[in-house]
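Colleague: Here is how the chains run, residue by residue.
Number of protein chains: 2
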Amino acid sequence: MSENHSSGVYLNDIPKEQAWERFSQALSSFGLFKALGSEFIELENALGRVTAEPIWARRSSPHYHASAMDGFALHSTETEGVSDRKPKVLEIDRQCVYVDTGDALPDGCDAVLPIELIEQLDDKQTIRIFQAVPPWFNVRPMGEDIVTTELVLPAGHTIRAIDLGAIAASGHAQVSVARKPRVAIIPTGSELVHPQEDPLPGQIPEFNSLMLAGQIESWGGEAQRWPILPDNRESIRTAVLEAALEHDLVMISAGSSAGSEDFTADVVASLGQLLVHGVAVRPGHPVILGVLEHNAGQDEETNNPATAVIGVPGYPVSAALTADIFIQPLLRVWLGLNPLDPPMMDATLTRKLHSTAGDEEHIRVTLGYVSGRWVAAPLSRGAGVITSLVRADGIFVVPAGTQGVQAGAKIQVRTLRTHAELIQTILVLGSHDLTLDIMAQYLAEQSRRLSSNNIGSIGGLVALSRGEAHIAGSHLLDPETGEYNKPYVRRYLPDTPITLMGLVKREQGMIVAPENPKGIREIRDLQRKDVRFVNRQKGSGTRLLFDHHLSTLGIAGEEVRGYTQEEYTHLTVASAVASGKADCGLGIRAAATALKLDFIPLESERYELVFPTGNLDLALLQPLFDLLHDSKFKRAIELLEGYDVSIMGEMISIDP
Amino acid sequence: MSENHSSGVYLNDIPKEQAWERFSQALSSFGLFKALGSEFIELENALGRVTAEPIWARRSSPHYHASAMDGFALHSTETEGVSDRKPKVLEIDRQCVYVDTGDALPDGCDAVLPIELIEQLDDKQTIRIFQAVPPWFNVRPMGEDIVTTELVLPAGHTIRAIDLGAIAASGHAQVSVARKPRVAIIPTGSELVHPQEDPLPGQIPEFNSLMLAGQIESWGGEAQRWPILPDNRESIRTAVLEAALEHDLVMISAGSSAGSEDFTADVVASLGQLLVHGVAVRPGHPVILGVLEHNAGQDEETNNPATAVIGVPGYPVSAALTADIFIQPLLRVWLGLNPLDPPMMDATLTRKLHSTAGDEEHIRVTLGYVSGRWVAAPLSRGAGVITSLVRADGIFVVPAGTQGVQAGAKIQVRTLRTHAELIQTILVLGSHDLTLDIMAQYLAEQSRRLSSNNIGSIGGLVALSRGEAHIAGSHLLDPETGEYNKPYVRRYLPDTPITLMGLVKREQGMIVAPENPKGIREIRDLQRKDVRFVNRQKGSGTRLLFDHHLSTLGIAGEEVRGYTQEEYTHLTVASAVASGKADCGLGIRAAATALKLDFIPLESERYELVFPTGNLDLALLQPLFDLLHDSKFKRAIELLEGYDVSIMGEMISIDP
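Protein sequence lines correspond, in order, to chains L and P. Using the numbering used here, read the first sequence as starting at 1 and increasing by one per residue. Using the numbering used here, read the second sequence as starting at 1 and increasing by one per residue.
Chain L with its partners taken away, still in its complex shape (with noise of 0.2 Å):
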């Protein structure tokens, strides 16, 4: 390989068709960008490979004509005038023959008569016929389903089940399929672990290139994954050198930034040619392209000129994002695959969207059918949060330079579940509950799927005025009234009929450290400088809850340490306290038990779910509905602390 050392890395976003134009035409000079080869398998090993060439059919099927019933084959000519009234007896084996179904039409016969058509005679050596019939009367011809030379599959064509029987029937037992690429996963970190091991604060469980190899394997290639190496230039130089020598790709997992640590883009110009360093994509902009020749006498293996290396982001979301754009579409080139189409989707847009200057960004989103029409809910934008991508209904690409997206805008999606998927998917908006994670359980079984999004309980009585939720989950307090979310419902959806439906009672209080080491007994105590509180988002029931308990004791804020730190969830909450970010938080028991923490009650309060009255109609929502008559169901949330399920199933409606 080159040795053309380069002095230090640079990171220099570009944007992606740039990225893709300048690998690809660098692997086009080495004749690497095209379909890798073939190889001949046999059939049953071929489900799910990829045609590397037509095939022409070696043999008609049937091969001969052949009989389609159980009957008496005999030549039409001799069924000539014959009728009920006017029946005519045959002799076996003179003027027909017994045949099978699929036997060969024996010479000098070109029809069939099913035996239940005629009538066997005692002397078994005739038969009585009542019918006249026209040559090749049941009988498949030859070729029939496949004439010799004929096309039956066209080449870069993913073999399916039927396929292989079409294949066998054209007379082939074996099939030339695209080569599998062949991939290298070298995952790079001195802070990675193993993910079987416990790791420490700082240490990182080592799982994208699990992730990646996933990914490869889905796309028809195959992976192999190296052992985790650390931050060191000459080990990776090494495992990169040796890996390039056996595959058609080596990626480089994490290492692609510009920071002291990250060696790969210096690797990969030591070797090779570095083509790009920096994609303007978020997530995902450390990206790094390149291509190693081979010197002769090395590429015995592997026949290739050259071998592409693409250095990969270490954030989950980033590699992800990388592989999908950059290797996906090379790995189709190596079968002969068309690039891929996916299916896109109109959506609108539940949130403004703020963009990152200058970059492209993938924004991960749910998707729900509510009201005639598809909603698109933003995920988390964070690179490191795959569960963004875990839960995402698709992709909403903003492009380079775009200043925002509005809230209502029309969106193009790119949808990663089917339509089938996302039509039964039910929309919960609003507060977040442990018990939708359960009920999500119990609807999969119901072929529903729920998908929750925590905005707050304000914010999902908003996206229910805006027709962007089924059902809005909400427990909100009216201080005045000491009723629970009918004021509130009065004011953010004031023209609907609307109907409350109970589904649990739950404690609230303070989340407090194990054997509560500050000693904290009630929300006075927040007011002490050694005390750090974690506090929920404005809007939610929970930060209402506080700020009416603050209210009633004349506390502001500002007297509390921490009341600005806002979390999203009981559990994030929790956590803060388990991990003693925080001393005290207000929350569910729930919460507190799952996290072993300590808990001081201060309130019962009612968890509703809120929906337009219409509905109830909905045949969407009709197993959602009965689960809250399931006493499966309601003995499965009573195992949780905290919970009263005798609310459950309670209607209140709430005419304009």
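Just so you know, the hints here were simulated from the structure itself, not pulled from any lab data. Accuracy of the hints is not assured; some may be wrong.
Calculated cross-link-like contacts (lysine to aspartate or glutamate; reagent style EDC-like; alpha-carbon spacing at most 20 Å) [as the list claims (entries may be wrong)]:
(1) P:124 <-> P:91
(2) L:529 <-> L:559
(3) P:529 <-> L:107
(4) L:529 <-> P:107
(5) L:180 <-> L:246
(6) P:34 <-> P:293
(7) P:538 <-> P:478
(8) L:634 <-> L:483
(9) L:124 <-> L:93
(10) L:518 <-> P:107
(11) L:634 <-> L:655
(12) L:529 <-> P:80
(13) L:180 <-> P:44
(14) P:180 <-> L:44
(15) P:34 <-> L:445
(16) P:529 <-> L:78
(17) P:34 <-> P:21
(18) L:529 <-> P:78
(19) P:529 <-> L:80
(20) L:505 <-> L:630
(21) L:518 <-> L:598
(22) L:34 <-> P:445
(23) P:518 <-> L:107
(24) L:505 <-> L:638
(25) L:486 <-> L:603
(26) P:518 <-> P:559
(27) P:632 <-> L:53
(28) L:486 <-> L:655
(29) P:505 <-> P:437
(30) L:538 <-> L:515
(31) L:486 <-> L:605
(32) L:632 <-> P:437
Here are a few chain L residues that face chain P, going by a calculated C-beta distance under 10 Å [as the list claims (entries may be wrong)]:
(33) 54
(34) 173
(35) 199
(36) 316
(37) 340
(38) 423
(39) 425
(40) 513
Using N, Cα and C, we set each Cβ at its ideal position, and we do this for glycine too.
Got chain L sorted already, so can you dock chain P onto it with the hints?
Modeller: Leaving out everything else, chain P in the frame of chain L:
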């Protein structure tokens, strides 16, 4: 197993819903109609497997407060009041600590100032900062992605590559997945031979087990294929007994009807319960459903109290549809997956369908988007025509008891290809020509599917007039003017501006056996009593040409032996001659050459593509139009004998 020998076999078609009900209830009574059980596997083997239990997070991700940048960690209070005009110097390791991205936030720190926002001073012991930051600035708080105890994935979820990352991130190195259903496939039939052998007439290559195994595998099961068994009750019985011990399902391929060599029903009845023999579905009706109970002691291998048995019909299309109707749903139950909700599409039926009385019929159709609507054209209904499944874009189910379905009816089609594939399908109806196969291969490289259905030249023009095709292939000679196609276009499409685009000139002639043993020289020879002719179907250009020749010579159709014997393509005509079914047929030279037959030329005819002139602007068709000027494509056609590409791309406009 029980030994209630049945005296014989019967075939009693019942609706498929009733058959399924009987089958599932019998399996339920053995506790066999639920998920089969689970196994713990390493994540690296889990792609495509189905979660057996909900996955709850065992660890938060990140599991500590992590720096989101390379820079200096500090406590946000250190930055109070700092600005560009009021910078501050901090002592390294006392007031701030250097961290890389992903490092744990040191004790006492709650924010990170990125390296590019600070000034490193020469003493190497201090930095200067220029801005105030809030708590948790550039920190990924513990649990940002996943919080311990949170639901990561529900049960019954098919694991994707990104899920592997999320499962590992949440602290699992292994995952509990549904055990793969084990299915034995026993091919039976004395007429069967291995597909590698060259079958004699009456022998059938055994490929149904290959296709069924592929189906099982793509549905998440594990298939084991048995060697071919002859039609012998005892050997089938022994194999079923042996297979039942180690499998959840035993499939017996063929022999499921009620013929003299059909032992499946008898074997099932003798070993266990024969629940269903015959289902009112076409293709597919001789289906057997049963269950074998294990005696105590025999179930050690599987722990199953019983084994399901399915007898699958022998015709390949019947076999594939039987698997689709009964085995796929059973595997989904066993894997803990919800019933499949197949994608459906509304379409307009192109041709009238006559129904088989009483039976539900599964019609394979091609789909295309023409003039703003989806059209569905039925393919061959033969149970032996596996290419009808390979070519099918969708399945239309005609309910039992329907009299028939009219042409133009709005129907619901279950689609077998993605919307993106279907929308890129070019429908060419009309006359068959071998060049269309070559064209299909070239267009596949341009992301277009060419779907050509042979309905004869006049059929193509009629389809065009009804908006059922994008293009018609036509070679219709007008005997009066000697012109091709134009007079017919005027007649069949009087109101539409039409373009004729030249494809090829091709030699039409008489196809005869090698060395022309009957000494056929001219059309007149077809009047000879010893010459059997094979004709093309009415409405085909070749039929018109033949009839034109006959009338010129004053010969009546009845004078030609075989005049009423019709084939639908050039290749099936040639195949009829090659097999000795006929001595002569009219067709193109390429068909004769393909099957190594002799050819007596009669005519050089003009084969043209016919379409509404408006279609010239359809983006869908541009790659096809471009192809007609592609020298590589022209050369590929010239390699076939009997073609002249000089007219390729010539355009003639016909205005109303």
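Colleague: Now tell me if each hint is right for this structure.
Modeller: Going down the list of hints, with the structure as the test:
For the hint linking residue 124 of chain P to residue 91 of chain P, the alpha-carbon distance of about 9 Å falls within 20 Å, and the restraint holds. Distance restraint check for residue 529 of chain L and residue 559 of chain L: the Cα-Cα separation of roughly 9 Å lies within the 20 Å cut-off, and the hinted pair is therefore satisfied. Restraint check for residue 529 of chain P and residue 107 of chain L: satisfied, since their Cα atoms lie roughly 19 Å apart, inside the 20 Å limit. Between residue 529 of chain L and residue 107 of chain P, the direct Cα distance comes to roughly 19 Å. Compliance with the 20 Å bound is thereby established for this hinted pair.
For the given pair, residue 180 of chain L sits about 13 Å from residue 246 of chain L by alpha-carbon distance, which is consistent with the 20 Å threshold. For the suggested pair residue 34 of chain P and residue 293 of chain P, the alpha carbons sit about 17 Å apart, so the restraint of at most 20 Å is met. Distance check on the hinted pair: residue 538 of chain P and residue 478 of chain P sit about 16 Å apart at the alpha-carbon level, within 20 Å; holds. For the hint linking residue 634 of chain L to residue 483 of chain L, the alpha-carbon distance of about 24 Å lies beyond 20 Å, and the restraint is violated.
In summary, the hint linking residue 124 of chain L to residue 93 of chain L is supported, as the alpha carbons are separated by about 11 Å, within the 20 Å threshold. Only pairs whose Cα atoms come within 20 Å are accepted, and residue 518 of chain L paired with residue 107 of chain P is accepted, the gap being roughly 19 Å. In summary, the hint linking residue 634 of chain L to residue 655 of chain L is not supported, as the alpha carbons are separated by about 29 Å, beyond the 20 Å threshold. The straight-line distance between the Cα atoms of residue 529 of chain L and residue 80 of chain P is roughly 18 Å, inside the 20 Å bound, and the hint therefore holds.
For the hint linking residue 180 of chain L to residue 44 of chain P, the alpha-carbon distance of about 19 Å falls within 20 Å, and the restraint holds. Under the criterion of a C-alpha separation no larger than 20 Å, the hint pairing residue 180 of chain P with residue 44 of chain L is consistent with the structure, at around 19 Å. Taken as a hint, the residue 34 of chain P and residue 445 of chain L pair is honoured in the structure, with Cα atoms around 12 Å apart against an allowance of 20 Å. For the proposed pair residue 529 of chain P and residue 78 of chain L, the alpha carbon gap of about 18 Å is at most 20 Å, so the pair holds.
Restraint check: the Cα-Cα separation between residue 34 of chain P and residue 21 of chain P comes to about 14 Å, which is no more than 20 Å; the hinted pair holds. Among the hinted pairs, residue 529 of chain L with residue 78 of chain P is consistent with the structure: their alpha-carbon atoms are about 17 Å apart, no more than 20 Å. Of the pairs offered as hints, the one joining residue 529 of chain P and residue 80 of chain L holds, with about 18 Å between alpha carbons and a cut-off of 20 Å not exceeded. About 17 Å separates the Cα atoms of residue 505 of chain L and residue 630 of chain L, which keeps this hinted pair within 20 Å; it holds.
Taken as a hint, the residue 518 of chain L and residue 598 of chain L pair is honoured in the structure, with Cα atoms around 12 Å apart against an allowance of 20 Å. Pair hint residue 34 of chain L plus residue 445 of chain P holds up; C-alpha atoms about 12 Å apart against a cutoff of 20 Å. With a C-alpha separation of about 19 Å, the suggested pairing of residue 518 of chain P with residue 107 of chain L holds against the 20 Å cut-off. Of the supplied pair hints, the one linking residue 505 of chain L and residue 638 of chain L holds, its CA atoms being roughly 11 Å apart against a limit of 20 Å.
Straight-line distance between C-alpha atoms of residue 486 of chain L and residue 603 of chain L comes to about 18 Å, which keeps the hinted pair within the 20 Å bound. In summary, the hint linking residue 518 of chain P to residue 559 of chain P is supported, as the alpha carbons are separated by about 17 Å, within the 20 Å threshold. Proximity of residue 632 of chain P to residue 53 of chain L is assessed by CA-CA distance (about 17 Å); at most 20 Å being required, the pair is judged to hold. Only pairs whose Cα atoms come within 20 Å are accepted, and residue 486 of chain L paired with residue 655 of chain L is accepted, the gap being roughly 11 Å.
Note on residue 505 of chain P and residue 437 of chain P: the hinted pairing holds, with a Cα-Cα distance of about 16 Å set against a maximum of 20 Å. Proximity of residue 538 of chain L to residue 515 of chain L is assessed by CA-CA distance (about 29 Å); at most 20 Å being required, the pair is judged violated. At most 20 Å may separate the alpha-carbon atoms for a hinted pair to count; residue 486 of chain L and residue 605 of chain L meet this at roughly 13 Å. With a C-alpha separation of about 59 Å, the suggested pair residue 632 of chain L and residue 437 of chain P falls outside the 20 Å cut-off, and the hint is violated.
The restraint placing residue 54 of chain L at the interface with chain P holds, with a minimum CB-CB distance near 5 Å, inside the 10 Å limit. Proximity of residue 173 of chain L to chain P holds as hinted, the smallest CB-CB distance being about 4 Å (cut-off 10 Å). Hint on residue 199 of chain L holds. Least Cβ distance to chain P is approximately 6 Å, under the 10 Å limit. Hint status for residue 316 of chain L relative to chain P: holds, with the closest Cβ pair at about 5 Å, below 10 Å.
Given hint, residue 340 of chain L at the interface with chain P, holds; its Cβ is 8 Å from that chain's nearest Cβ, closer than 10 Å. Interface restraint check for residue 423 of chain L: the shortest CB-CB distance to chain P comes to about 9 Å, inside 10 Å, so the restraint holds. Interface hint at residue 425 of chain L: violated, since its Cβ lies 12 Å from the closest Cβ of chain P, which is beyond the 10 Å cut-off. With its C-beta approaching chain P no nearer than about 14 Å, residue 513 of chain L sits outside the 10 Å limit, and its interface hint is violated.
The structure shown violates the earlier hints numbered 8, 11, 30, 32, 39 and 40.
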